[in-house]
Amino acid sequence: MQGDPLDFNGTPPGSRAHAATRMSVAQLANMLEDRIADLARELLGEPNRELSSAQTLRFGTKGSVAMEIDGANKGRWYDHEHGAGGAGLELIGYHLGLDDKAAWDWARSWLGEPDAGPSWTATPPAPPARSASGSSSARTWRCRGACARI
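Following my numbering, the numbering of the sequence shown begins with 60 at its first residue and continues without gaps.
Be a bit skeptical, because a hint or two may be false.
To be verified - Listed next, the in silico DMTMM-like pairs over lysine to aspartate or glutamate satisfying Cα-Cα at most 20 Å (straight line): (1) Lys121 with Asp158; (2) Lys160 with Glu149; (3) Lys121 with Asp93; (4) Lys133 with Glu92; (5) Lys133 with Asp158; (6) Lys121 with Glu109; (7) Lys160 with Glu172.
Stated by the list, open to error - Ranges between beta-carbon positions, derived for each pair: (8) Arg108 with Gln86: 17 to 27 Å; (9) Glu101 with Ala143: 25 to 35 Å; (10) Lys133 with Ser83: 36 to 46 Å; (11) Glu101 with His141: 33 to 43 Å; (12) Asp97 with Glu140: 31 to 41 Å; (13) Pro173 with Glu140: 19 to 29 Å.
No wet-lab data here; the hints were simulated from the structure.
Just so we're clear, the structure is a prediction, and the values are computed from it rather than from any experiment.
Glycine included, each C-beta is placed from N, C-alpha and C at the ideal position.
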């Protein structure tokens, strides 16, 4: 294994080229913003036509959920009944009850992006099980200061 450099991102050596094509959070946010009206309809249904405008879609009988589809705040939403808001990724997590990783995966799937494997948001593996004596059955690796600089 001397020829393989350390891979702190958990990407197997054979798939490093694939890892370089992973979508960043900023790219995902921009793609969601470009299709924000479609995303809002997908998650919230049809907007309230009486309360909506060319810049803002309103959802619910009283229009309590506002989605900005144009202007400086395009892509931002706010639920006035519950005091919650954010961008497209937050809408996905909030409306579907998903954590950040699951919302990211749902968004990528909805946008038609191919599966890129585990991302930096992936949940780390569980620690090794401990035996009755309390010692770990697997070798424990310790960071000697290098991890803090990553």
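Right, here's what the structure says about each hint:
With a C-alpha separation of about 28 Å, the suggested pairing of Lys121 with Asp158 is violated against the 20 Å cut-off. Proposed proximity of Lys160 and Glu149 is supported: the alpha carbons are some 11 Å apart, at most 20 Å. Proposed proximity of Lys121 and Asp93 is contradicted: the alpha carbons are some 26 Å apart, above 20 Å. Taken as a hint, the Lys133 and Glu92 pair is honoured in the structure, with Cα atoms around 7 Å apart against an allowance of 20 Å.
The suggested pairing of Lys133 with Asp158 is violated, with an alpha-carbon distance near 23 Å, which exceeds 20 Å. Under the criterion of a C-alpha separation no larger than 20 Å, the hint pairing Lys121 with Glu109 is consistent with the structure, at around 10 Å. Restraint check for Lys160 and Glu172: satisfied, since their Cα atoms lie roughly 15 Å apart, inside the 20 Å limit. Restraint check, Arg108 to Gln86: a C-beta distance of roughly 33 Å breaks the suggested window 17 to 27 Å.
One distance hint, 25 to 35 Å for the beta-carbon pair Glu101 and Ala143, is violated here, with the actual separation near 18 Å. For the pair Lys133 and Ser83, the beta carbons lie near 19 Å from each other, so the given range of 36 to 46 Å is not met. The supplied range of 33 to 43 Å is broken by Glu101 and His141, whose beta-carbon atoms lie about 19 Å from each other. Checking the proposed 31 to 41 Å range against Asp97 and Glu140 shows it is violated: the Cβ atoms sit about 23 Å from each other.
Judged by the Cβ atoms, the range 19 to 29 Å given for Pro173 and Glu140 is violated: they are separated by roughly 37 Å.
Of the numbered hints listed earlier, those contradicted by the structure are 1, 3, 5, 8, 9, 10, 11, 12, 13.
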